[in-house]
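> Chains as they are written, first to last, in the working numbering: chain A, 1 to 400; chain B, 1 to 377.
Hints are supplied without guarantee of correctness; some may be wrong.
Said to hold, decoys possible - In silico DMTMM-like cross-links for lysine to aspartate or glutamate, where the CA-CA straight-line distance does not exceed 20 Å:
| no. | chain 1 | residue 1 | chain 2 | residue 2 |
| --- | --- | --- | --- | --- |
| 1 | B | K60 | A | E336 |
| 2 | A | K95 | B | D313 |
| 3 | A | K95 | B | E359 |
| 4 | B | K365 | B | D313 |
| 5 | A | K65 | B | E54 |
| 6 | B | K311 | B | D268 |
| 7 | A | K331 | B | E218 |
| 8 | B | K165 | A | E336 |
| 9 | B | K167 | A | E336 |
Claimed, not checked - Chain B residues, not near chain A, derived (Cβ > 12 Å throughout):
| no. | residue |
| --- | --- |
| 10 | N30 |
| 11 | L45 |
| 12 | V52 |
| 13 | P99 |
| 14 | Q111 |
| 15 | D138 |
| 16 | A166 |
| 17 | R250 |
| 18 | K328 |
| 19 | H362 |
The set of hints was computed from the structure by calculation and includes no laboratory data.
Heads up, the beta-carbon is just placed ideally off N, CA and C, and yes, glycines get one too.
The chain contents come next:
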Amino acid sequence: MKWEKILIRYGELSTKGKNRKSFITHLKNNIKFSFIDLPNIKMTAERDRMFLTSTDDLEIQELIKSLPKIFGIQSFSPVAACTQQLEDIERTAIKIIESLDHQDKTFRVTVKRTDKRYPLDTYELQRTIANHVLRQFPSLIVQMKKPEIDLRIEVLSDAVYMMAEVIPGAGGMPLGSNGRSLLMLSGGIDSPVAGYMLLKRGVRLDAIHFHSPPFTSERSKEKVMDLANQLSHFGATVRLHVIPFTEIQQSIQSQIPENVSMTTTRRMMMKIADLVREEIGALGIVTGESLGQVASQTLESLTAINAVTTTPVFRPLISFDKLEIIDIAQKIGTYETSILPYEDCCTIFTSSCPKTKPKLEKVEYYESFKDFDELIKEAVEKRETYSFPTKKKNEFESLL
Amino acid sequence: MIYFDNSATTKAEKEIIDTFVTVNEKYWANPASIHEFGHHTNELLQSARAQVAEVLKTTKEKIYFTSGGTESNNLAIFGLVNKYKLRGNHVLISEIEHPSVLEAAKMLQLQGLDVEYIPVNKDGIVSIEDVNLLLRNDTVLVSVMHVNNEIGAIQPINEIASIIKAKSRAVFHMDAVQSFGKTLVNFEEQHVDAITISSHKIHGLKGSGLLALKNTIEIDPILYGGGQEYGIRSGTTPVPLAVCTAKAIRLANSHVEQHAARLKSMTDDIIFFLKTFASIKIISPEIRAPHIVSFAVRGVKGEVIINALQKEDVIVSTSSACSSRQTKTSHVLKAIHIEDDYIKGVVRLSFSYMNTIEEVEHFKKIFTKVISVIKGD
Numbered sequence: 001m002k003w004e005k006i007l008i009r010y011g012e013l014s015t016k017g018k019n020r021k022s023f024i025t026h027l028k029n030n031i032k033f034s035f036i037d038l039p040n041i042k043m044t045a046e047r048d049r050m051f052l053t054s055t056d057d058l059e060i061q062e063l064i065k066s067l068p069k070i071f072g073i074q075s076f077s078p079v080a081a082c083t084q085q086l087e088d089i090e091r092t093a094i095k096i097i098e099s100l101d102h103q104d105k106t107f108r109v110t111v112k113r114t115d116k117r118y119p120l121d122t123y124e125l126q127r128t129i130a131n132h133v134l135r136q137f138p139s140l141i142v143q144m145k146k147p148e149i150d151l152r153i154e155v156l157s158d159a160v161y162m163m164a165e166v167i168p169g170a171g172g173m174p175l176g177s178n179g180r181s182l183l184m185l186s187g188g189i190d191s192p193v194a195g196y197m198l199l200k201r202g203v204r205l206d207a208i209h210f211h212s213p214p215f216t217s218e219r220s221k222e223k224v225m226d227l228a229n230q231l232s233h234f235g236a237t238v239r240l241h242v243i244p245f246t247e248i249q250q251s252i253q254s255q256i257p258e259n260v261s262m263t264t265t266r267r268m269m270m271k272i273a274d275l276v277r278e279e280i281g282a283l284g285i286v287t288g289e290s291l292g293q294v295a296s297q298t299l300e301s302l303t304a305i306n307a308v309t310t311t312p313v314f315r316p317l318i319s320f321d322k323l324e325i326i327d328i329a330q331k332i333g334t335y336e337t338s339i340l341p342y343e344d345c346c347t348i349f350t351s352s353c354p355k356t357k358p359k360l361e362k363v364e365y366y367e368s369f370k371d372f373d374e375l376i377k378e379a380v381e382k383r384e385t386y387s388f389p390t391k392k393k394n395e396f397e398s399l400l
Numbered sequence: 001m002i003y004f005d006n007s008a009t010t011k012a013e014k015e016i017i018d019t020f021v022t023v024n025e026k027y028w029a030n031p032a033s034i035h036e037f038g039h040h041t042n043e044l045l046q047s048a049r050a051q052v053a054e055v056l057k058t059t060k061e062k063i064y065f066t067s068g069g070t071e072s073n074n075l076a077i078f079g080l081v082n083k084y085k086l087r088g089n090h091v092l093i094s095e096i097e098h099p100s101v102l103e104a105a106k107m108l109q110l111q112g113l114d115v116e117y118i119p120v121n122k123d124g125i126v127s128i129e130d131v132n133l134l135l136r137n138d139t140v141l142v143s144v145m146h147v148n149n150e151i152g153a154i155q156p157i158n159e160i161a162s163i164i165k166a167k168s169r170a171v172f173h174m175d176a177v178q179s180f181g182k183t184l185v186n187f188e189e190q191h192v193d194a195i196t197i198s199s200h201k202i203h204g205l206k207g208s209g210l211l212a213l214k215n216t217i218e219i220d221p222i223l224y225g226g227g228q229e230y231g232i233r234s235g236t237t238p239v240p241l242a243v244c245t246a247k248a249i250r251l252a253n254s255h256v257e258q259h260a261a262r263l264k265s266m267t268d269d270i271i272f273f274l275k276t277f278a279s280i281k282i283i284s285p286e287i288r289a290p291h292i293v294s295f296a297v298r299g300v301k302g303e304v305i306i307n308a309l310q311k312e313d314v315i316v317s318t319s320s321a322c323s324s325r326q327t328k329t330s331h332v333l334k335a336i337h338i339e340d341d342y343i344k345g346v347v348r349l350s351f352s353y354m355n356t357i358e359e360v361e362h363f364k365k366i367f368t369k370v371i372s373v374i375k376g377d
């Protein structure tokens with residue numbers, strides 16, 4: 001099927017009063033970012049919809065494949081064009097229905113006759129086309145209210161546009177329309193999902209990861225880099241800050257009683273994240289915590305950890321079950337990477353019986369014997385930063 | 001030497017041999033090892049897999065590197081039947097399949113499955129009506145080769161696919177060993193569920209190939225062990241061979257249309273030439289793969305012609321390398337009812353893009369000479 005253009009419906013953003021213009025600009029930029037390698041695409045934005053056109057059919061095919069990933073799009077439809085000749089309209093209608101799953105589906109034809117000089121009136125054209133289509137596809141069932149296939153025909157003076165398929169978009173809001181936050185990315189299943197949820201609401205992300213060589217391997221770092229890269233596929237660059245965490249973990253190990261060492265570790269991570277957040281000008285911190293999932297995610301633990309900062313900490317998964325989280329992880333494609341079995345800094349030095357209800361005063365008391373701030377400053381300074389998406393590795397190109 | 005036996009095997013591309021050497025020198029770790037070296041080798045293997053998946057239009061988790069066409073066909077037949085056994089125990093294959101499908105199907109029959117054969121017409125093509133008649137709602141697997149290796153007949157894969165889809169829940173396997181690189185083969189061009197490809201027929205290395213599945217299809221293994229290749233084909237994955245397979249597939253696919261057009265004009269020319277001999281009958285059908293010409297000389301054994309041509313440094317074959325050593329008549333030629341006085345005199349010419357027009361001209365001269373000696377006219 002050869003398509004002329006793609007119609008994009010904005011969704012939620014259509015309801016946003018004065019901010020509409022900036023939302024549309026963000027959406028346009030996101031689409032451009034995703035299709036940097038498709039040079040012939042042209043965009044025309046209207047109040048509540050946008051058209052993408054290209055002279056190259058392959059580019060349109062590429063768009064159809066990738067548009068469902070971009071936030072801020074409620075749905076989109078590939079549009080075919082033909083001349084005003086009745087045979088031509090009929091032929092195009094058949095082709096469109098053919099390209100859909102049409103067996104036993106309910107069906108109607110909607111006509112919009114913008115060119116009032118067109119010889120057939122709206123009802124005549126509807127009937128003619130519907131008759132023709134029904135002869136070809138006898139299993140279609142005519143239904144005027146909420147049909148599964150709604151063949152929409154718009155007659156203009158120079159062409160006739162036609163579409164039937166409505167492909168759901170990713171919903172949400174265009175990336176960048178809601179500022180920037182810092183995601184604490186561990187390498188597990190939850191944190192990439194939490195990042196995705198914020199991306200969906202239009203928040204740009206930086207990610208932070210704690211790396212403890214030689215206890216954690218290069219592969220566990222690469223795994224997190226892969227995850228950051230996967231998050232960047234949703235339409236914006238993601239920067240990853242890798243914090244050297246070995247020294248801090250070792251001093252926690254030697255200073256803090258074993259059963260609250262986990263709480264202190266999290267508190268140090270949060271402090272570091274807050275410093276990095278300040279430096280990059282982000283407004284919030286995002287974590288994948290889900291209430292009661294592990295010892296560090298009880299209400300008491302969360303309170304003790306959260307006490308180190310007044311920055312808003314977003315926990316989009318707080319009320320999700322593990323299985324619900326896994327579902328989303330599979331849908332967004334991070335699950336397979338997340339379950340790779342490499343040690344990360346949370347699984348080494350773990351206490352066999354961490355406190356699920358740590359007392360804040362006690363934790364603060366234990367921490368007071370050691371000046372962690374110096375170590376924290378140093379760790380933040382020595383961090384490595386990576387930016388995604390990266391260009392593909394070319395090392396193997398000559399072999400393949 | 002003029003080599004017109006490319007359906008038996010092809011000469012490995014120099015570039016591919018270079019790749020084989022480099023990978024063996026630089027990336028020889030076990031891709032399943034967890035150390036950096038193994039990890040790095042695995043990255044190369046996954047890049048190779050991703051490249052193949054892109055060409056075949058599926059996901060990389062559905063590409064299984066194997067030891068070649070025969071293993072891939074066996075894996076497809078037994079693996080798919082086993083995975084989907086709840087859908088029924090009726091299997092359909094065409095009667096002109098490669099022995100690696102035919103013999104596997106015979107084994108299924110011994111195991112108690114109901115195997116039926118789809119007949120072909122005189123052109124070696126299965127009829128859609130026959131498929132329609134034979135399909136049942138407990139048909140679990142249909143296997144039809146894309147291009148026949150002995151006569152070059154092309155099967156109407158997409159028509160078969162739509163009838164299978166309409167009438168049954170069967171999965172559809174296509175042996176594309178002879179068609180890959182001669183025509184576009186991928187899951188969007190052919191609406192099949194599984195595709196077999198062999199490397200050494202497309203200037204890759206012997207002992208390698210793959211089975212590809214459509215992204216929605218699953219399969220059971222036939223080899224059990226360490227769970228390599230997503231558990232579908234245990235045994236340490238030979239990374240050098242897998243990388244060479246990926247490269248052979250990329251090279252063969254990249255110029256497929258130009259090569260096919262060139263091969264078609266070369267073989268059209270040869271057919272035109274062969275038709276000038278009164279004693280020769282062209283066996284390849286009108287609609288045929290661009291690289292195979294099968295013909296028969298009345299009253300002469302094919303072997304005699306092959307030996308005579310060989311003395312002149314021209315390499316051709318009888319029906320196929322697999323059946324040419326057997327004394328009985330090829331099942332393909334029987335299926336298309338070749339007349340008795342021709343059936344022993346079958347010769348197959350099979351070409352690759354490495355062949356030239358000069359070679360074709362030279363062949364014509366030699367062939368004229370050889371025929372006049374043999375037939376004495």
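> Straight-line Cα separation of K331 of chain A and E218 of chain B no greater than 20 Å?
Judged against 20 Å, a Cα distance of about 19 Å means the pair holds.
> Hinted pair, alpha-carbon criterion (20 Å max): K311 of chain B, D268 of chain B. Please report holds or violated.
Violated, at roughly 25 Å.
> The output says P99 of chain B does not contact chain A. Does that hold with a beta carbon cutoff of 12 Å?
At about 32 Å from chain A, P99 of chain B clears the 12 Å cut-off, so the statement holds.
> Checking one constraint from the list: CA of K167 of chain B to CA of E336 of chain A, max 20 Å. Satisfied?
At roughly 36 Å apart (the allowed maximum being 20 Å), E336 of chain A and K167 of chain B break the hint.
> Compare the distance between the alpha carbons of K365 of chain B and D313 of chain B with 20 Å, and conclude whether the hinted pair is satisfied.
holds, 13 Å
> Is the nearest Cβ of chain A still more than 12 Å from the Cβ of R250 of chain B?
violated, 7 Å
> Can the restraint linking K95 of chain A and E359 of chain B be considered satisfied, given a maximum Cα separation of 20 Å?
violated, 46 Å
> Just checking, D138 of chain B versus chain A, shortest CB gap more than 12 Å?
holds, 22 Å
> Measure nothing beyond the straight line between the CA atoms of K65 of chain A and E54 of chain B; if it is 20 Å or shorter, mark the hint as holding.
holds, 14 Å
> Given the hint that K95 of chain A pairs with D313 of chain B, does the C-alpha gap stay at or below 20 Å?
violated, 54 Å
> Please verify that the nearest CB of chain A lies beyond 12 Å from Q111 of chain B's CB.
At about 35 Å from chain A, Q111 of chain B clears the 12 Å cut-off, so the statement holds.
> Between the alpha carbons of K60 of chain B and E336 of chain A, is the straight-line distance 20 Å or under?
Distance ~13 Å between K60 of chain B and E336 of chain A Cα, so the pair holds.
Violated hints, in rising order: 2, 3, 6, 8, 9, 11, 12, 16 and 17; the structure is consistent with all others.
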